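Spelled out, the chains give:
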Amino acid sequence: SQQGEEDPQALSIQEGENATMNCSYKTSINNLQWYRQNSGRGLVHLILIRSNEREKHSGRLRVTLDTSKKSSSLLITASRAADTASYFCATPHGNNLFFGTGTRLTVIP
Amino acid sequence: GAGVSQTPSNKVTEKGKYVELRCDPISGHTALYWYRQSLGQGPEFLIYFQGTGAADDSGLPNDRFFAVRPEGSVSTLKIQRTERGDSAVYLCASSLMASGVYNEQFFGPGTRLTVL
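One line per chain: the protein sequences are V and P, in this order. Using our numbering, you'd call the opening residue of the first sequence number 14 and step up by one each time. Using our numbering, you'd call the opening residue of the second sequence number -9 and step up by one each time.
No wet-lab data here; the hints were simulated from the structure. Note that this is a predicted model, so its numbers are computed, not measured. Take these hints with a grain of salt, some might be off.
Negatives, chain V to chain P, calculated, CB over 10 Å [unchecked claim]: (1) Asp20; (2) Pro21; (3) Gly29; (4) Glu30; (5) Thr40; (6) Ser41; (7) Arg75.
Stretch by stretch, here's where chain P covers chain V in the computed footprint (C-beta under 8 Å, at least three residues) [unchecked claim]: (8) 55 to 62; (9) 107 to 114.
Just so you know, even glycine gets a beta-carbon here, dropped at the ideal spot from N, CA and C.
Use the sequences and the hints to build the structure in full.
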């Protein structure tokens, strides 16, 4: 079974707006990762946040982690049409990754 | 450099047939993973190799599924007596090493399997 749940399942915004996606997970973690997937195929690693970090930035991406609530959020600022994709959070367990159910983001030009 | 490659990109088969899906990891990556992704879901772990051996096959759904990595590089996922419920995208990933702490995996484009 999958570890996490993303919220919302789908999000549609206008280009230039910010997009926020949330992820909840169930067990203790060392880190949490966010991935992007275009057209249901290969995933691309976006950013990793360690359990002792609360916030991390990478370009237009901002990730937060609240280990007390077992939740994380991914913020994409100044969205572009090219950001249209599915976004997944993933938590490592042993040597494997457990993925959430994903948020489908659509950015309307 | 070359990323993870998977062949075929699409496979259509009939119920009851046998299929093989191939994964070429990034050169030098010792860890290799197989995932299965159904429509509208996140990837689900199937099996993990460290070198030639299957270190964790707890995600394989049943004994119709088997995977090998005989030389510690290319891996083949084998599905016997396919069922319609096996239809999904099968993703392969590799990583430089499996640390259990930080584990960035690089994914291939996947093989879309359709069982008619």
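Now for the hints, and whether the structure bears them out:
1. The non-interface label for Asp20(V) is consistent with chain P: the shortest C-beta to C-beta separation is roughly 13 Å, beyond 10 Å.
2. The claim that Pro21(V) is not at the interface with chain P holds, since no C-beta of that chain comes within 10 Å of its own (minimum 14 Å).
3. Even its closest Cβ contact with chain P, about 28 Å, leaves Gly29(V) beyond 10 Å, as expected for a residue assigned away from the interface.
4. Against chain P, the non-interface label of Glu30(V) holds: every CB pair exceeds 10 Å, the least being about 24 Å.
5. For Thr40(V), the non-interface assignment is confirmed: its Cβ lies about 14 Å from the closest Cβ of chain P, beyond the 10 Å cut-off.
6. Residue-level check passed: Ser41(V) sits 13 Å from the nearest beta carbon of chain P, beyond 10 Å.
7. Residue placement check: Arg75(V) keeps its beta carbon more than 10 Å from all beta carbons of chain P (closest about 19 Å).
8. Here's how the region 55 to 62 of chain V fares: 5 of its residues keep a CB closer than 8 Å to some CB of chain P, so the rule of at least three is met and the hint holds.
9. Residues of the region 107 to 114 of chain V with a Cβ under 8 Å from some Cβ of chain P number 8, which satisfies the need for three, so the listed coverage holds.
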